[in-house]
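A.B. asks: Listed below, chain by chain, are the residues.
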Amino acid sequence: MLLHITTDGPPIYQQIVEQIRYRIVSGQLGVGDELPTIRGLAESSRVNPNTVARAYRELENEGLVEKRRTVGTFVAASEAKLTAAERRRLIAPHIDRVLVQAKQLGVPLDDLLAQMTQRNAKLHDAPIPTPAKESK
Amino acid sequence: MSVSHPAIEIDHLSCAFRRSEALHDVTLSIPTGCVFGLVGLNGAGKTTLIRHLIGGLRPRTGRVRVLGEDPTQTPESVMQHVGYVAEEDVLPRWMRVGELIDFMRALYRNWDDQLCDKLLEQFSLDRSTKLADMSKGGRARAGLLVALAHRPQLLILDEPSYGLDPIARQDILEAVVRTASDEGRTVLFSSHLLDEVSRVCDTVGVIGGGRLLEVIATEQLPERYCEVVGELSIDDLAQRELPGFFGWQNRGREWSVAVDRRAYPDEATLRREIGGELVHEVRPLSLERWFSARVNDRELATIPRTPAVEELSA
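Going line by line, the protein sequences match chains X and W. Read in full-length UniProt numbering, the first sequence has 24 at position 24, and its numbers run on one by one without any break. Read in full-length UniProt numbering, the second sequence has 212 at position 212, and its numbers run on one by one without any break.
If a hint is listed, it holds; no wrong ones were tucked in.
Stretch by stretch, here's where chain X covers chain W in the computed footprint (C-beta under 8 Å, at least three residues):
1) 170-178
2) 200-213
From chain X, some residues computed to sit far from chain W (all C-beta separations above 12 Å):
3) Arg23
4) Glu60
5) Ala84
6) Arg88
7) Arg89
8) Leu90
9) Ile91
10) Ala92
11) Leu105
12) Asp110
13) Leu113
14) Thr117
Since the hints were derived computationally from the structure, they do not count as laboratory data. C-beta atoms are modelled at their ideal positions from N, C-alpha and C, and glycine is treated no differently.
Whenever a hint applies, use it, and build me the whole structure from the sequences.
C.D. replies: Printed below as a string of structure tokens:
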């Protein structure tokens, strides 16, 4: 897994969480896929192994991945185990960022909402190709 | 070897060369398994500190223990477990890579031939190449190889990336991370490339004018400190000696200051103390900002005490 880590942005563990989360949500990583080992990811990203471990713990807490003792870390099957409130808390900073940007660009709120609906439809009509999960 | 002692223990170490003080009362303990980043400007004392750890300098005042031993008393046994890469490009240039390896291999009981071969391949080094014919990055890799191939318990790198190309720097960082991934191994590396330090170090210490100014876990930094950016004439600010403030900087009317969050119960109180409407932003303190705040404050603090003019005329 090749992550892009910068040191002038948000905390490094958070960048790892976000990039892996994106890969899971967008389907690049499917249910049951194995994540790289902490050590492997630390080496390839050149970050402290504790930072990777912290990111994995965070992903586990969010219910996106599950740790199987001695085997490794895998993308979890179940829908996020987060409560609605937790999900809202997690998405709030992203919404804020978009809102600030929209204000600066002079995009009114209703226009922004319309665009979001539109783009959402686009995302789900033509999804990124995912490995087909056969139901036998 | 028991792991009950810290990997590195420095107690009230001071050191002076002629009249100038290179280290002043440095006390530092680095636990086993830590990746410690030592940051500071050029001439701050990083190399002097490191030379005490490898037995290159004997403490005049204070005490140094490396892996539980005194590196000046028993250098042979301490250095068996220490991998060290010097700041400068000091490898004997008349040697070939293979000769350097054979030489080092004879010194270390724990030399690992397999690991050595693996590193040769990974760093694209050839035993028959003369060190003199290699690039600076190539020699840095050769130096790193001989520091790693005996699987040291403690890896000490003095400005490992200084003057190297980005690819060589990546190799070095990868080696640091790989060493750190092994249980019970410790890394100390000095750098002024804060980007590298914030990536790989779990603890960072800043040194300025020979003093260890602060040691903090990189993870705690944004929780412990914040940076406040605002607008006000700097004269007004000079009169505000607010607790927990350090490292003032300004650009025109906009200023920035580092703040110890512990001095305030919450952000609202902090904003109120400064004068709410003047504050543009309160954000977590970055490693870079922390570094410049600590180093600048120190320099300001010493200006009245040691006038440079006097030094020159003496």
